[in-house]
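With chain A's structure known, arrange chains B, C, D and E on it following the hints.
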Amino acid sequence: MLHYLLGRPPRVGVRPGALIDPEPDARVGALTIYRMDFGGDADTRERTETDLDAALTVPSQEDHRLTWLHFEGDVPAADLARLGEAYHLHPLALEDVLNHGQRPKLDAYRYSVFASMALPFTREHECLFQQVSLFVGEDFVLSFHAGTHDVFAPVRNRIHEAQGRIAHAESDYLAYCLADVVVDTSFEVLAGYNDRLEELEDEIFDNTNRDMIEVIHAMRRRLIGMKKVLRSQSEMLLHWIGLDHDLIHADNRPYFRDAEDHARRVLDLAEGYYETAGSLLDTYLSLASTRLNEIMRMLTLIATVFMPLSFIAGVYGMNFDTRSPWNMPELGWRFGYPAVIGVMAVLVLGMFLYFRRRRWL
Amino acid sequence: MLHYLLGRPPRVGVRPGALIDPEPDARVGALTIYRMDFGGDADTRERTETDLDAALTVPSQEDHRLTWLHFEGDVPAADLARLGEAYHLHPLALEDVLNHGQRPKLDAYRYSVFASMALPFTREHECLFQQVSLFVGEDFVLSFHAGTHDVFAPVRNRIHEAQGRIAHAESDYLAYCLADVVVDTSFEVLAGYNDRLEELEDEIFDNTNRDMIEVIHAMRRRLIGMKKVLRSQSEMLLHWIGLDHDLIHADNRPYFRDAEDHARRVLDLAEGYYETAGSLLDTYLSLASTRLNEIMRMLTLIATVFMPLSFIAGVYGMNFDTRSPWNMPELGWRFGYPAVIGVMAVLVLGMFLYFRRRRWL
Amino acid sequence: MLHYLLGRPPRVGVRPGALIDPEPDARVGALTIYRMDFGGDADTRERTETDLDAALTVPSQEDHRLTWLHFEGDVPAADLARLGEAYHLHPLALEDVLNHGQRPKLDAYRYSVFASMALPFTREHECLFQQVSLFVGEDFVLSFHAGTHDVFAPVRNRIHEAQGRIAHAESDYLAYCLADVVVDTSFEVLAGYNDRLEELEDEIFDNTNRDMIEVIHAMRRRLIGMKKVLRSQSEMLLHWIGLDHDLIHADNRPYFRDAEDHARRVLDLAEGYYETAGSLLDTYLSLASTRLNEIMRMLTLIATVFMPLSFIAGVYGMNFDTRSPWNMPELGWRFGYPAVIGVMAVLVLGMFLYFRRRRWL
Amino acid sequence: MLHYLLGRPPRVGVRPGALIDPEPDARVGALTIYRMDFGGDADTRERTETDLDAALTVPSQEDHRLTWLHFEGDVPAADLARLGEAYHLHPLALEDVLNHGQRPKLDAYRYSVFASMALPFTREHECLFQQVSLFVGEDFVLSFHAGTHDVFAPVRNRIHEAQGRIAHAESDYLAYCLADVVVDTSFEVLAGYNDRLEELEDEIFDNTNRDMIEVIHAMRRRLIGMKKVLRSQSEMLLHWIGLDHDLIHADNRPYFRDAEDHARRVLDLAEGYYETAGSLLDTYLSLASTRLNEIMRMLTLIATVFMPLSFIAGVYGMNFDTRSPWNMPELGWRFGYPAVIGVMAVLVLGMFLYFRRRRWL
Amino acid sequence: MLHYLLGRPPRVGVRPGALIDPEPDARVGALTIYRMDFGGDADTRERTETDLDAALTVPSQEDHRLTWLHFEGDVPAADLARLGEAYHLHPLALEDVLNHGQRPKLDAYRYSVFASMALPFTREHECLFQQVSLFVGEDFVLSFHAGTHDVFAPVRNRIHEAQGRIAHAESDYLAYCLADVVVDTSFEVLAGYNDRLEELEDEIFDNTNRDMIEVIHAMRRRLIGMKKVLRSQSEMLLHWIGLDHDLIHADNRPYFRDAEDHARRVLDLAEGYYETAGSLLDTYLSLASTRLNEIMRMLTLIATVFMPLSFIAGVYGMNFDTRSPWNMPELGWRFGYPAVIGVMAVLVLGMFLYFRRRRWL
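Chains as they are written, first to last, in numbering that gives the first Met the number 0: chain A, 0 to 360; chain B, 0 to 360; chain C, 0 to 360; chain D, 0 to 360; chain E, 0 to 360.
Bound-form chain A, shown alone (with noise of 0.2 Å):
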């Protein structure tokens, strides 16, 4: 049901900060580490490892130079704590990069500020998230992907051209880039609700059936989940904006702002969303029960019209010995039979006209 807000639980009881390898069901994919250096004088470097040392063994000493190492895939928990260690990470943030299926939230420690996001991606028409965690230092950035397509190509592309604001290597411009490669995955995302709503809508007013009502509620149910962790992720980038810390840079908070515009934006679409699903659902029921009522005036019909001349029928049917002049004279009648033909006809005439006055023809 609501998968991303349940991801995985945590532990009862078990030490808080404690670094702990997700299950083998709960893991994503094998670890690649994108490093790249870059500001200052000197040139953009880029390294591609699936070791932590190798990673972490690249000098990084020259003066204004920004580091970005971006995990994608499962991290070791060993290797996390010597990350912590090597960064002065606090080991809650840490914990909560291992236990995926976070809220998305803000949380400023001394020395970095630790941000966990919900990317969103689609699989067999299921709109799922994965965790992305970013710690952000003086002249580092950490960025931890819990799936395994490499998302933030395009921003290490945008640092090689070293065009706009990013070739000034600040560590908090670089994560509102990530952040807003996020964001912008959940506007594509949520966009491809619009269409099916649609194509949902047409087929609605069409013909009714019970899986139309199976997709609705998918929709919905899916869309409560999605409306939570959006509203935080929103939350999360407001809370950004006002974060009164040494590493944030003023003028880089038009870029924030920017960011959870979009988030909002994406929130009022989910809202939006399941609104109209609800809608759609209340249309459904109004239009089956047009139609009930549609089918139940033809029965209606039907059997006002032919009981009556049924039953005049049967009585014309009946054995009574006609020798006895009370018993059913009409059948002895030389016009008997038209008579008969004639009252069912006037009958069906009469019912004609009430049911045209009553609207029901």
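Treat the hints as calculated values from the structure; they're not laboratory data. Everything numeric in this text was worked out from a predicted model, so none of it was measured. Every clue listed holds true.
Treat identical chains as interchangeable: a pair holds within one or across any two.
With a straight-line Cα cutoff of 20 Å, these simulated SDA-like cross-link-like pairs (lysine to any residue) come out:
| no. | residue 1 | residue 2 |
| --- | --- | --- |
| 1 | 226 | 120 |
| 2 | 226 | 277 |
| 3 | 226 | 196 |
| 4 | 226 | 214 |
| 5 | 226 | 187 |
| 6 | 226 | 121 |
| 7 | 226 | 270 |
| 8 | 226 | 193 |
| 9 | 226 | 183 |
| 10 | 226 | 190 |
Relative to the frame of chain A, chains B, C, D and E by itself:
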């Protein structure tokens, strides 16, 4: 569905502030530039151009003079970039001018204030929004309308007539005048919903058909999106009232308060219509249910009366050999037929009384 | 629908503060001006005029004296402009006096406070609102009522009797007295809904007809609009309590707090009625559904009993040639007829027991 | 409907603070006055009077002594006016004592604090509220109960026993004790709803009848009003906790916090019951719908089986002249009857299999 | 219904802070006392007692040493009073320990902080809450669990292992560890709802029966109560984060922030489940409505086909005297029977085409 909220989705990973021309299908029309220079001691000058160079060349160095450049239609990304340099505009704000479908918002930068608004218009009974963007600086106002009809003509007329406060040539008052046009247009568009809801109400109590459900659903769906956009618009103006910025004169606050008040009324209307449409759907369902009850009561009356009668007629239509005195001796009775008819009449009368007591008749 | 909220829509592009007479169909009636001068050591003077000049000529130069001008009916735009000059009123506030249908609001200017309120009244079972506008200055109060009945007569009487605090001739206390009349009138009007809802409840449990749905829907629709107006009214008074302005005496705060408390009670009532009307519609739907169940159970009982019986009778009404010993030998049996009747009786009894067990009887 | 919220509507235009006796039908009962003087070094003294003069004559000039006057029943307006003078009470607060049905609220004046609360009680299965008003001064507490049962007897007992903090004779602590009685009584009354909702649930799954809908609707309607009153009560206590007034001792804050906590629990209960009653109505509707489905399935089974059979029997009941070899030769067949019965049996079997496959049986 | 919220209702008029043993049916089990002394330079000591005297006698005078007393089961009122004296606890807080069913809350007193939490557990598929109360002082933590299973065993183990921050022996960190256990247990319990909702969804699309409605209603009802309790729990932790008290170390704030974050996730889950269960009921109603439509269509088809046919057969079963040439001459025709059968076949075909066109087949 939520067209305006969707707008032009941001491209994932693109450099923030990158100015990219929209795809051909997202273009709105050819560009017209209206330039006005007014205030100070000199005369008011107005020029209409289709080319940025021509619009920028007008000398405007006089003291206390305000330049207003209004861009109607698509502004090429290259021109926008030049404008940004000329007026020291923030790249993120410029990007928002190009990417239509922003949430109404206000961003205050050091030398200018950027506002994005949503101007509603009606096309084929659909309420859509077009983006209006404003830059307010010390001695300039830039406005952009992602549409092709000249919405701000009345404001230009007022400048020519130099009536009222607009003659003071304050940039924030001019911005207010433009915001006022956008809000009052929203009011006009919303007022149209009133008549359509009243028509729907009248129809719904007269007859029920499926088209009406479709119309109500479409209206609710649209109002879901409008509520969100109009709420952002109202919040944006509230933000403006509270803005502490050199460009905002305290004397002009009451005007923004007035615009915000109108925006709230528009939002109240949209919310009221949404609730009314919801109530209408509930009402429709109740009406359909009442009608079904009436139809089924009719059917049940008919069946309850005629089924027993037909059964009796059926019994006396059986062909048992009446030579046995045990087999349907009634058939041989002298008054068998009148007796049966009498029994039937008594039955009908009894049922009639029963239905009366249950208030079914 | 939401008549009051709609009010007189602003004209797009018109100069803010422009005073334009309403169209003939938006007029409310001829103007009567009530002028009172009281407080200080001199006597209380009251005059009733239909002409602004006459009303303005009364000398009021005495010390510590309060002038109250009440305008009942349509004030010509030209007169309003003169008033504005005489009392230094803000043009936007004057415009709001003319454009009926403002949201209740409070605008504090340097030399006066402007308040707009909504006075409910009932016409043909419809609850409508009339605008009451107030200007509160150092030594004057101007009030405007867009209607024709003299709502503030009791306040004038109290001034004549010089009872209580009103004799102090403080302009803000007089304003409170007027606001109090508006709020208490709302209370009276809302109380009328109580009786109608109770009647509706009684009716709904007695019988179901479509008119009732129409009445409930109309009531909800009206309450949607009233809730919004009354919430604004309550917020306006809250705003007044918190107002930090030279014209507001701290000693009079408790009075405004009292008015606000009453306005909140009125709002609570309107919200309560709206929820109750919603619950009533749910109840109606459940009742209709229960009745349908009863009707259908009846129909099913009848059909279930008589269809098999009629079938049996039909079988023995077939005309197979009984000369063949295989063709319906029952017809020739001595006790064929009683046997068939017996079988039918057993069938009915069985069904009766079956229905009993399923609690259908 | 919302009896308590309605209360005694304010009279339009009457002077604020005017003390007017309620109409005879709004009276609650004869007045009893309980006076206690306690604290300081002297003994606790208690007197019960029916006359204000007698109650006021008790000397209470000792130092550090607290006087508590409790008025049970209708207080004549004249007596209230005299009390107001004696204790310097604000006229608006006195008016609120007389006008029962105030929203729970707290008004802090210079020399006293006025609180109005709603005491729930049950009469004929209806939950109603009676107003309890409190004035808290330096050395006095005045309490008014618009009812006739002696609700504060336990508090008087505690004063006599001089147990705990009440012996300190602080006026605000005594006020807390009275508020505590009101809140805890609310709790008891609300707890009664629990049992009734559980009974309703059991009944609803056993059988459906209209009375139950009436009961649920009545409960929801009442809870709508209670929620509003209890929310005000909780807000009033929150207001009290935050009150910065000489009369409020910091040491007693935890007690008000405790009372507020209980008031919130009571409010949570009321809201929970309201939601549960709503869920119950939804459930009722679903159950009714399920039952209708079952009934109609039954009807359809019967009709589907017997209509074709009856038709076949009807065909062979036709009286075509069998002398023509083309007219119903089956009638003359030797095994005509068994053949027809066989065909019928095959039909029934086929339908049975069909219904099985559609899971209707 | 809302068992936890109801809890043990306060007794009206009883002295606040009075410690009264609960009635026998509200007792939870025999008392076990776990005492741990740890921190400083001395060894960690643990003792398990069933008697308060034994638990209190352990000397704990060493410097920088923390005493943790955990009470599992019913604490006699007399023992609680002695504890209160020994540790200077506020009587209101002690009363809340005895009166189970408090809303989760935090009360800060001068020398200690009192927190009350709700620990969920599952009994017979019902989610219930047990109260956990905490007193946090300078050098002691007292915890009370109104249940009988030893929930805090993992924390005791961690103290023995002296792993991580818990070895610092700070009272607020220990309190956090206990709060963490409560919150994480909530998470586990809530996760169980996920599976049950998924099962319900599968069942609902397979078949509809009333038991399912009962299950959904019961789930919603329970979640109504849980939402309220969990929201209070989350607010309580938020309150703790913001608490400015000597006993709270700034270094431990991130831990409470983490606990609050988990509590919010739990609350999000409960709200999500509640909305999902609501959507499920809507879906159920829509499905039932669709099924009814299908059934009625079937019935109408059958009736529409066979009623006219049976009527025709009935007509030719009438016994008119065919000696008159006007009476049913068709009976004597040579091809009368085939003609009638043909007419019937044409009728059936026509209806079939009609139903096809209306998409009923």
